[in-house]
Structure formats: C-alpha cells, structure tokens
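Undergrad: Residue-level listing of the chains:
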Amino acid sequence: MQSQLPFSPDQASNFAPHVDDLMLFITLICLFFAVAVTIAIIIFFFKYHRKSPDEVGVPIHGDSRLEAAWMIVPLILAMGMFGWGAVVYVDYRHAPADTLDVYVIGKQWMWKAQQPNGIKEINELHVPAGRDVRLILASEDVIHDFFVPAFRVKMDVVPGHYNTMWFRPTKPGRYHFFCSQYCGTNHALMGGWVTVMEPADYAAWLSGSSGAEANPVVAGEKLFAEKACVTCHVSNGTGRAPSLNGVYGANVLLADGSIVVADEAYIRESILQPNAKIVAHYQPLMPTFQGQLTEEQILALTAYIKSLQSQPVPATGAGIAPTTEKR
Amino acid sequence: MSTTPPLPGHQMPHEDYLNATYGIRSWLLTTDHKRIALLYLGSVTVFFFIGGLLATMIRIHLLTPTGYLVTPETYNKLFTMHGVAMIFFFLIPSIPAVLGNFLIPLMIGAKDLAFPKINLLSWYIYLVGGSFVLYSFATGGLDTGWTFYTPLSSIYSNSAVTPAVIGIFINGFSSILTGLNFIVTIHTMRAPGMTWFRLPLFVWAHYATSLVMILGTPVIAITLLLAGLERMFHLGFFNPALGGDPILFQHLFWFYSHPAVYIMILPAMGVISEIIPTFARKPIFGYSFIAGSSIAIAVIGFLVWAHHMFVTGESVYAALTFSFLSYLVAIPSAVKVFNWTSTLYKGSISWDTPMIYAFGFIGLFLIGGLTGLFLACLGLDIHIHDTYFVVAHFHYIMVGGAVMGYVGGLHFWWPKITGRLYPEALARIAAVTLFVGFNLTFFPQFILGYLGMPRRYHTYPPEFQVLNVLSTAGASILALGYLLPMLYLTWSMRYGKVAGQNPWPATGLEWKTDSPPPTENFDVTPEVTWEPYDFQNRPDLGLTAGAPSLAPAHGDD
Amino acid sequence: MHRTGELYGHFETLEQQKETATLGMWVFLVTEVLFFGGLFMTYTINRHAFSTAFGVGSNTLDLTLGGGNTVVLILSSLTMAMAVWSAQVGKVGWFGIFGKVRWVSIFLIATLVLGTVFLGVKVVEYKQKFDHHLVPGRGFDIRYRSEHPTASDNPKEIAAEKEELEKAFAKDPDINAHAQLYFSLYFGMTGLHALHMIVGAGLLLWLIKGSFAGRFTPQYNTPVEVVGLYWHFVDIVWIYLFPLLYLIDRHQ
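Protein chains in written order, with numbering that gives the first Met the number 0: chain A, 0 to 326; chain B, 0 to 556; chain C, 0 to 251.
Possibly wrong hints are sitting among the right ones.
[What the hints assert, rightly or not] In silico BS3-like cross-links for lysine-lysine, where the CA-CA straight-line distance does not exceed 27 angstroms:
| hint | chain 1 | residue 1 | chain 2 | residue 2 |
| --- | --- | --- | --- | --- |
| 1 | A | Lys276 | C | Lys170 |
| 2 | B | Lys116 | C | Lys17 |
| 3 | B | Lys345 | A | Lys50 |
Don't read these hints as lab results, they were simulated from the structure. Because the structure is a prediction, the values reported are computed rather than measured.
Given the sequences, and given the hints that come with them, work out the whole structure.
TA: What follows is the structure in structure tokens.
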C-alpha cells in the first residue's frame, strides 16, 4: 500500500489508489498552471505599475506562435487526463467475472441490502476483503446514489433501471456510505456503514446469522409457483414458454433474429414488459407484472432464475440460442 | 493615492437620461435601454438579497454536524430556493440585462437596442416569472433542488413545485427576448466604421451569450413545462412507473443548464476583457483569439451536457465522448486566461478598483476552471461527483467568476451610469475583502468534497465539522464584502465626485459621450476610425507624455 | 422613441429598420424551432418506446379532416406569399361595387379566412376527441368509442377498431397509460401550433387594418413581409406535425 494523499479518506478498495493517483496527477498539473499564471500576474503587477499618470503601455497586439503553444500544450495535457481517467472509468464500468453479487435497494430514506445467501441488512453492508463484489442497485421510488468515499466509487440508483457497480475491498474496517443523489427530506440520513471483513470472518458472519428463511432463491422459487410462472416456463421445455434452465448469462435468440445476453436487466425487463423482447418460436402470451411485484420480489425471482443456471438445459424448448444460430 | 489622472472640475451634464423626464410612469413605460438596465439592476439586486439571505441561513445551519437552525425539510427548501433565486433570477440576467443592456448600444454607437419595446417587455416578463417563483417560496417553498430531477419533482415532492416551474418557464422568455434583441442589435445597429473586428470584446462575449440564450432557453422551457404537466395531470413522460424515463429529463435539462453556465460566465469574461486593457493602457493581447474563444465556448458548450451524468449508468461510450468534449471546452477558457495575463506584460498598470476585481476574477476563475478538469475526468468523477467538490467548483465559477465580473463591471461603468465616482479607497478594501472571504468560504469545500461529504446534506458526520465551521466563518467575511459596495455605491449616486466623460480613460465608444449619457446616447452619430483598445493613436484621451515609441498614424477628432 | 413617418427614431434609414425587423423575425423563428424541437424529441423517444400505443392513437385521428386542413394551410401560405408580393409591387384592382381595392388587402383577407377555417376544423377534431374520452386525465379511456358506439358510427369500423384494440392490448397491457402519453403530446403539439395560428390571425387583422389605411407601399412593406415569414413558419411546423401524428403506422 502506498502512502495516502493528505485530505483524502481511507483507501479501502482497489479503485482508491488509482483515483488518488489520478487526483495527484491532475492536481500537480493544475498547480503548475495556477502558480505560473499567479506569479506572472504578481510580477507584472509590481514591475509594470504605472509610473506617471499619462503613461501608456507598449502596444503589443499578440503573437500567433504563443497562441498556438498555449492551445496545443494544454490540449496534450488535457488528453492525458482524459485518457487516464477513461482507463479507470472503463475498468469501473466492467465488472470482472465471478463476482460476489449483493442486491441493494434504495428507498426514501433507507438502504436494504441482501447477501447472496439471503441475509438482509438495513443501512449496513458486510463484504469480504480481497473478493470482487458487485452491487446490483434498484430504487423503489426516486433516484438515489450509493457512495462509499473510502472505496472512491458511487453509482446512481435509478427507478426503472438496474445499475451495477463493483469494487474489491482491500482493507478490513468500517467505512461510511452515503446517498449522494438528492432524494427528498431525509436525504442526509440515508447512509450507513460498510463493514469489510477478513474472508474467514465474513464466512463466519454469514453462517452465524442464518438466513435460510430469507434466502432469495427460496423466496423466488416460492414466488415462481405462486405467480404461476411455473405453468408456462416448464423446466423440461414442454411448456408454452421457454424453459429457464441455464438461461442466465447465456445468449437468447429473439423473434426478430437478434441475440441478447440474459443478464439481470434482461430478466427484469422480461418480467415487467414481457413483450419487449420475444424469444424466437414463442408467442407473446405472458402478462405484464408491472406494478404487481415489489423490487424485492423481482430480485428474488431474478435470484431464483440465476440459481437455475446450473440446471440441465432441455434439448428443445430452451430459451438459450443454439450455438449454431449465433449471429 | 489614486493613480487616475487628477480630474479637472467636471460638471454634471444638464440633461441626461436620468433627468430627461420625471415620474414613475416615465420609468415604468420607458423604452430607453439605459433606464431598463437600471430597472433590472434594482430587481436582480432584490433576488440577490433573497438568495444571499438563504445562503446565510444555510451556512449558519451547517455550523454543527446535527444542524443548528432548521428542520431537514426547511433546510432542503433553503438550498433549493437559494439555487433558484440565484441562478435563474440573479446570475443569468445580471450582467447581460444590466450591463449588457446599458452598454451594448453605447459601445456600438447606436441610439438604442433594435427593439426597445421588446426590451421593456423582457423586464416585465422577468417580473411576472419572478412573482410566480416568489409566490412558490411564500406558499410552502420548494424542496426539489434547483435541478428539478424527476421523479422527485414530478411525483414525490410535497412542496410548491408547480408555481416555481411556471415562473421559471415564463422567465425563460425574458432571456430569449434579451438574446434576440442583442443579436439583432449587434448585426444591424453598428455605427459607421464599427466593423466586427473593432467591436469591444464585451460585445463579442454578449453575442456568444445571446446565441446560448436563444438556442438553449426554449429547450428548458419545454422541459420544465413537461415536468410541470406531468405533476399536474399525472402524465408519464419521465415517470418510470408509467414507462417514462427519468434520465430523459436529465438530458433535456442539462442540454440547457450546462450552456446556462456559459450565459453566466461569458459576459463576465467580456467585462474582464474590457477592464484589463483599460487599466494596463495597451491593446489586448490576441484580440481575435479572445473573441473567437467566446464563440467556441458557446458552441462546444452545447455538446458537453452529459458530463453531469457520468454515474447515472449512461453508456460507457457516451461517457467517453462527453468527457473528451468537456476537455475540449477547457482550451478556449485557458486561451482567455493566457491572453489576459500577457496583456499585462509591459503595460502601464494602475491599481484602480476595477483592476483589483479583474485580478480577483482571474485568480478565482483559474481555480474554478482548473477544478473543472478534475470533474471532467471520468475516473475521478466517480468519486467527487455530487460531493462538496462540485459545490465548491461551481461557486468558484459562478460567484468567483460571474459575480466578481459583475461587481467589477459595475465599478468600471459606475461613472458612466451615474456620472459620479465612488470612494476609491473603500472600494479597494471591499474588493480585497470579497476575494479573501470568498476563498475562505469555498476553498475548504474542495477538501470536504474529496473527503466524501455529499452535497445537499442537512446533517453530516462529525469529522467534517472543522471544515464546515471554517467555511461559515469565511462566509461572514464574504457577506461584509457584498454589503460594503451596496452602501458606498448608493451613497456615491448623490455625493460622489463628478466623473466627467472619461475618467479612466478608456478607449470605447461609450466613453465618448456624456456621463450619464443623454437619452439618445450621442448628440451626433459617431464614426469609428480607430482600432479597439488603441491608446497610441488617440490624442483625444490626453495620454501622450509618457508614451513610448509614439507614432500616430492617423489621429482623429 | 419618436418616429418620423414609418421610421423609428433609433434607426438611421428605412433599409436599416427593415433589415433589423427581418433579422429579428428570423432569430425568433430559430428559437421557435428549438421550442418545438424539445417536443419533437420527446415525441420521437416515446413513439419509439410505445409504438403500439402510438399506432393506436394515430388511428383514432380523422385523416380526412387532417388532410383537408393540410391543404387549407398550404393554400393560405400561397395567399400570404401573394399578399407580400402585391404589397411590394403596390398592385391595385377594381372590385365592382367596392371600387378600387389594393390586392394586398384581398390576399390578406383570404389568408385570414383560410387560417380561420383551419382553426374551425381543429375545434371539430378536438370535440371529437373529447366525446370519445380521449382527453388525457381521469376520464381517459382508449376503448370508450368502441364500447359506446353512437348511432352515426359505422358498425364495421367499430368492429375493426375493437379488434385492433384487442390485439394492441395483448401486445401492451398498459396501453391506456401509453396512449394517454400519445394524446398528451397530440394536444400539446397541435395546441401549441393552434396558439401560434391564433397569434398569426391577430397579426393578420392588424395588417388588414393597415392595408386599408394604405400603410403598405412598394417603399414600405416590412410588416407584411415579417408576418409572412412567421406565417410560413407556422405552416411548416404543421407540415411536420401532420405525418408524425396522423400518418405513421396508419393501417387501413
């Protein structure tokens, strides 16, 4: 671990050193220009102070080489800032494979988090150090924003969309998280603590507070039956709707010939607006569940569908695009 | 220890625009651009007071981590109303509608703006819009943030959103008509000899500003109208529950509201471009580059709006594009700063009050502009977006930049507007107080932001307290810096020393008529035969003795 | 500002005054383009998102009335252009009992009449929508007409509409809300356009008064020209509105 910048929060994630380096880089460049201009002004201010009331300055109208220089040099430096910033950002926007997925729901004015095994937390979030963690963010009402200064990451939580963010905690400890998109009266109270634990402690913590009851997969399976999804989405592929076995993360062939990846956003859309993307060879029969499921229930269903990833895929009637039909 | 040339015993002109006619009707029905400018001066000052009072309460409230003064709900209303009053009703009209209105016809040698009645109409529209907003403030306030993000503003907020939105919608037409008037005036009303490249840079800056006003304002008008209709009639343009997209609102909003920042800063840059050559007594360095950079800022400024949305989940490609374009718009701003600095080289620099404001402007705008580079940086923005870093950054631009320019400009042209000089020593003290107070108030907020304090928080973790107290302490000095000029400027209207036509002296056309000018501006239509900011070939300015390398090619008058 | 004849005091010459007025109108029209542009943008995005509902909405509009109105408006642009031309050349004609009349007055009146016809037809269309419960708000019901046909309705048409709605509902169960968006935009856009027409009609009345007073001569006809620009712009907006609202996705 490198030494920290002054005036910066703890460095507790993989992004923190990168963001701090970027900060240092830009600060130094800006400081150079600010100091150079300020010194020039101060020198001119005293050196060319008017000596007599009717004195006139030397008529200099400009110099196009100088103009070119102070357009090109800052442009090059600016492109450096842009490029470096872009590298960090692109990394942040692309989560690595095999992340620990935690669902986070924002509502006026609290945060609910749900661990993969179903443990629910309110205004608290426990994560293991050294593991890539991905947060899947949903909002029940207005736009919120999940912000952990010690991790140097934030992401808006937008109603009607899923946003995701990822980080790898590096240092065990307790760190503030905040809502940083203004969301109404108690916006400032909508925060809490992220606890980063050693992996072993995290495992113990998970098993210590048994969450089988609230396991989202179990809850999702129950919903899947209650909402009669199971009557059409028959797992062996003989139903009126495609089997969902193995569909998560796979390519799905649509009626219009295009192929989409079945990620969280696709599953969510398919539940809420079933006719937006119709799987090839199937009829648009499914009713919409818009307004009939809470965000938590949608997450539970999604978790259940994700758990089917390892189930055997039937030869016919699967939602997955056969490899031969790819593109 | 004034460095201006000693003034011979000037007399006030016996008839000018102020005393040509009398009575309240002669003001409320005037079509004289100079009187309309003064009407605006009065009304924007009212909004500045309202906004300033709200800011004071915000700063007092934040003295303690748990909040010192008001409930969370009230606090949210304070910062929202502060933003709405300051941005829509003070900053956007301040320089264009007051100084621009007064000066553009004078600077180009015209008798008035192209459409004097429409000019008066703009002011009345501003008043009507302002009344709606004040009505909203008085009946329950407004707690959506000045950005009116949906669905908070369209569904969830319980405050008086509808009248505020209507007020801002109406006020938009005031901006549009002012911009239209300026553009047409600059095109068709120039005096003989006033070519495009002899225009004062103040006029160029206003031309660029007007472009933004006419192209951007209609979009926000229609956007806010849609949000208002959505709220009133439960429509679903931006409501995810009805299939709408809240992010669409942000796109439409920032398409105007980012260029709106340039409506505030470009005219201030125009003011500084006038002050610096005048008090350095030499032509401005790189005239065409400063003029061109104004236009470049206005044009590129329309293509950067989504840099307010890097963490909304917008596509990575969009983010890359908008970050890149945001860095491009930094270049013309840098060009201006370098040119101003170079203008000082081998000048004859006086330390008069407007010049102190100009130095203050460069210093604060430098910090404000450079911190924009931090926010445009994608990787860094993930951390500092929506924190106090942003608050500090835009206050450096809008207050450090735009307001310093406005107050500096008021001092520079005060002798022209009123015919009298203000007390110089007091004015210099005020300028320095403003500069110091401003930095004490807002510099700590950069650090607060990097430490992770989100904006719009009525309560905060205790570790942020020291910096907040510092900021509040600075704000009290800042407040003093604003009150002083109000007092002595008002005093000087009656008791100030008579200024004469051209007290500094400056080269612009506005200084070749009486102070205050007559209603028709010039007794005879002037003819321009000199280049801008030329002190060498202007014997009429009375500056010949100390001039190095005097070679008057063609004197006139 | 005092004025000498038609020349206002702050201008030097009539040419300068004319150039200023014309440029002012052009700049104003640019802001108008952006004003409507925000609406067109919202329309496009929503049309893309809810194509079924917007298609159903389009189908409820009366093509004969809309198409007829388009013709009326194009004709009015023609008469407006003729008015400007006759003002510029100062053409005078002999009109029986009325005696000598300036052609500019005749063409201005024709334009006003056509504009009024357009607005009248718009009123008829709005009333239809009102009767069919297609005005956004609490009472909005996209199915109302097919479920409450009146005696004058063609039963075949009603049956076809019913079938189409059923299909649409299967595709988009929230169609009532989404069709409401279509009608909000329909009323918003055509309403704003109609408002511009009403302003235009007011301006025409003012011009007609001036033309009878003999104000417009080959030397001075700026008001006719500037109002002409405005009138053509309002027409052009309709030329975009008509296909967007009436024609896209229209299936017979």
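Undergrad: Determine for every hint whether it applies to the structure shown.
TA: The hints, checked one at a time:
1. Lys276/A / Lys170/C: Holds. Lysine 276/A to lysine 170/C sits at ~11 angstroms (cutoff 27 angstroms).
2. Lys116/B / Lys17/C: Holds. Lysine 116/B to lysine 17/C sits at ~16 angstroms (cutoff 27 angstroms).
3. Lys345/B / Lys50/A: holds, 12 angstroms
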